[in-house]
Amino acid sequence: MELSMIDHIQTLQSELGGIVGAEYVQPATSADMVDGVQPQLVVSPGSGDEVARVLRLANAAGLAIAPRGGGTKLGWGNRPERLDLVVSTRRLNEVLEHAWSDMTATVQAGCTVSAFQHQLAQHGQHLVLDPLWLDAATIGGILATNDSGALRVRFGTLRDLILGITVALPDGTLAKSGGKVVKNVAGYDLPKLMTGALGTLGIIVDATFRLYPLPAETTILRVAPASIQSANDLMVRVLDSTLVPTGLQCHVAVNQAPEVWIRFEGMRAALEAQLEQLRQICEATSISQTLTTHDLWPGLRRMWQRSQATLICKTSVLPSDIAAMVKAVERVARPLRLDWELVAQAVGVGSLRLHGANDQALLAALTIIRAEITTLGGTVVVLDAPLGVKQQIDVWGPTKAPALMRRVKDHFDPQHMLNPGRFVGF
Amino acid sequence: MQRQILDELAAIVGHDGLISAAEQLRTYECDGLTNFRVMPAAVVLPRTGEQVQHVVRICHRERIPFVARGSGTGLSGGALPVPGSIVISLARLNRILAVDIPNQRVVVEPGVINLHVTQHVAPYGYFYAPDPSSQSVCTIGGNVAENSGGAHCLKYGFTVNHVLGLKVVLPNGELVELGGAVLDQPGYDLAGVFVGSEGTLGIATEITLRIVKRPATVQTLLAAFNSTDEAGAAVSAIITAGILPAAIEMMDRLSRDAAEGAVQAGYPEADALLLVELDGPAAEVALLMERVKAICAECGAWEQRLAQSEAERAVVWKGRKAAFAAMGRISPDYIVQDGVIPRTALPRVLREIEQLSAAAGLRVANVFHAGDGNLHPLVLYDRSISGQEHVAEQLAFNILKLCVQAGGSITGEHGVGREKQQFMSQMFAEPDLDTMQLVRCAFDPQHIANPDKVFPRPRLCAEKPGRYEPHPLETAGIAELF
Ligand SMILES: Cc1cc2nc3c(=O)[nH]c(=O)nc-3n(C[C@H](O)[C@H](O)[C@H](O)COP(=O)(O)OP(=O)(O)OC[C@H]3O[C@@H](n4cnc5c(N)ncnc54)[C@H](O)[C@@H]3O)c2cc1C
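Line by line, the protein sequences give chains A and B.
Residue 53 in numbering that gives the first Met the number 0 sits at position 54 of the first sequence, with consecutive numbering throughout.
Residue 470 in numbering that gives the first Met the number 0 sits at position 471 of the second sequence, with consecutive numbering throughout.
Simulated from the structure, these hints should not be mistaken for lab results.
Think of the CB as a built atom: it goes at the ideal place given N, C-alpha and C, for glycine as much as any other residue.
Just so you know, not all the hints are guaranteed correct.
These stretches of chain B come out as covered by chain A in the derived footprint (C-beta under 8 Å, 3 or more residues) [said to hold, decoys possible]: (1) 154-168; (2) 213-221; (3) 277-286; (4) 337-344; (5) 370-379.
Construct the entire structure; sequences and hints are all you get.
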């Protein structure tokens, strides 16, 4: 490294230290790399105000920034164009307010999902969302990536749960939007704009959510339809019934029969009636069923076990197109000798794992699968891939209104300092 | 307006789609907030999204402000013309374009009436959940712009939770698609931002909606209390017991009397009425209704009636839905206000409203979405008495202040529009508003889409935001964060 560069970094380090305290600015190590791109420094602000001041300083210095929560999904998005500074939210880890009798809570961005849930559970409530890696994932991280799980079939996603937000912008502005009450239409809905923005518009400092009561009891039924088509039909039938499942997903893999998992939550007596109605639907289509005490999650977690030459994608199609999507995957994977596995929520959103002999096979498969799913009107976003694959693709695929999105980005982050190159075309 | 531009407009929408004669323009000079009136320069009534796009292109080229208009039922002056503007009425874009029952999607044009969506899908056992009281007349486009709510939004969510995708003509005439029928599309959630933007980001010309399966059972309870304090406490108790009713509505004595006079719903003679509706699987509803009744009794309900038939249910609701209009029976004029408070603050804030009302010497009727904490105080007055309108406006604004001080919002569903522009700074500090402006500037750098609405003062897009100032709530010591 050139001497002048080292000087520059040292100056920055001490300036950042002036804002957050010297002990909270550290030289970055290889563990801080994002997709192989090495940052110089990691700064951990202790308040929203400090986040804003750090951003203003970094912006003036022309640094490229990656906001980081638990680091569980840092690889989501395209490979960074450049990266100088990691802004960690780890010190912003408090639940600021749990207004349990109003069923709302405000939490700092760096709080882990499980710490948040733990505190809410003391009053029998929860953030009704089941994202990946609860123990490490932070509120800011799940918001930026818009992660979700099986509960979405009943409760929607973060956009349906978030009420208010505080964000720090590159120019050092600390702005609030939304509010603390469950209903509010004053001004533009920036909480929704920030949800899923992958930290490219600002750094989320805290957020307010509406909460739901923890369910009294849970039952899960596992059923085994003969084909993916009948699994899809069953899910569509359940959606079209008066049943109110809190989880409805199908699990299918190469050379394995599909399974559909259906979860109900609530009071015992009411659950029995729902189960009975479901059994009737299954029997009418002669599908065998078993009650299970297993949760829906192991399937999804297994998908995420790291291994060589593996692609993990988020797929989205219409609910009635899940079978068509699976068939497309099957058609593409067989000649390329790829292993594949899919967990699809009935609402049409799924996680697809492709495992192959080498990067070339994965690349080829991705291209065709994406083309086929696009014909269905769906989308494929690559979440995890070997670097060699990632460097050759746009993980997001085609997007709508790209010019407008860029204009939004340009207004919030004119210098493109936040996660440059990682989002949809910028 | 220049002859040449009128000719161009006529060439796009046809002569029967252009209004420029003063006496005809008068129909469009206001929306539901009738004390504000401005004559537009012209009104166009396009029939297709393409025509909308062509009109907007002219507006862009000539820098003529435009104001989209649905049915004009908005209560905050959202569709109020601005001087020299072209009003773009979407009333003729009223086709339901596609219905996809297995995927629970409906695609509509913006001029489709809210209730028509439900009527259209009812034969399949579905409904469109957001149900503003004005649902038989207001349009989906207006609902999208206001992020409208309704009684059943407590359980089912607001318009924004039911809009999956939009086709939008941007203020520069560009047509874009935001979101779509498939969930979680890559990129920013601009559909989420557009909903509730009150016509300031462009014009929606096609909307993909989510429809909802009719629940197996619906039960509606009417509970009578001696005070809004008791009824308010019951609301909080129901919610914190972990019960999520489809709706909880409250009427105080004045509203009850007015509604009863209008539709003879047979309401008990009570100082506060609660209407609690539960829906879902039959067994669950039956169990939960027992608990709701027990809670209401504990909180002092002295009469509880469970509607025994669909007809009885309809009567109970008819009174509630007629309540606004029924005010005309007990007062020559009234202001409809819309504010939100945390549910737990209901009893206290209702008492404070009573005090403000007494001090001002004007009656205030309360009929509102109690489960959401969404108040609709109706300030009753008589315009013909000199000075009374001013006192009424003052009282309405003081009630809003109460809402903000209680940690709530200046609007839960009617929007900011023209009416509450200045009030935005009670709730948001300059940096907050400047940040919202960034969105505005990305969509509409020329500020021609419904300009001078929502935000307290017009600001140029190149203008540098000021330095940080403490949040007004912080200065007041009310809240550390919002
Ligand atoms: C008696 C009564 C009861 C009501 N009850 C409720 C209620 O329970 N809940 C509730 O939320 N509201 C209620 N309202 C308010 C009103 O009905 C809603 O705000 C409704 O959504 C307005 O629809 P509209 O078609 O009349 O829109 P308009 O009043 O014509 O317009 C409203 C706003 O939408 C914009 N707009 C219209 N169409 C488009 C488009 N296609 N693209 C972009 N912008 C557009 C306009 O510019 C304006 O800013 C009530 C009103 C009345 C009169």
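Each hint tested on the structure:
Only residues whose beta carbon comes within less than 8 Å of a beta carbon in chain A count, and the region 154-168 of chain B has 4; three or more means the coverage holds. Counting residues of the region 213-221 of chain B whose C-beta lies closer than 8 Å to any C-beta of chain A gives 3; at least three are required, and the coverage claim holds. Judged by the Cβ-Cβ criterion of 8 Å, the region 277-286 of chain B is covered by chain A as claimed, because 6 of its residues qualify and three suffice. A count of 5 residues in the region 337-344 of chain B with a Cβ less than 8 Å from any Cβ of chain A is obtained; the coverage claim is therefore met, three being the minimum.
With 3 residues having a Cβ less than 8 Å from any Cβ of chain A, the region 370-379 of chain B passes the three-residue criterion, so the hint holds.
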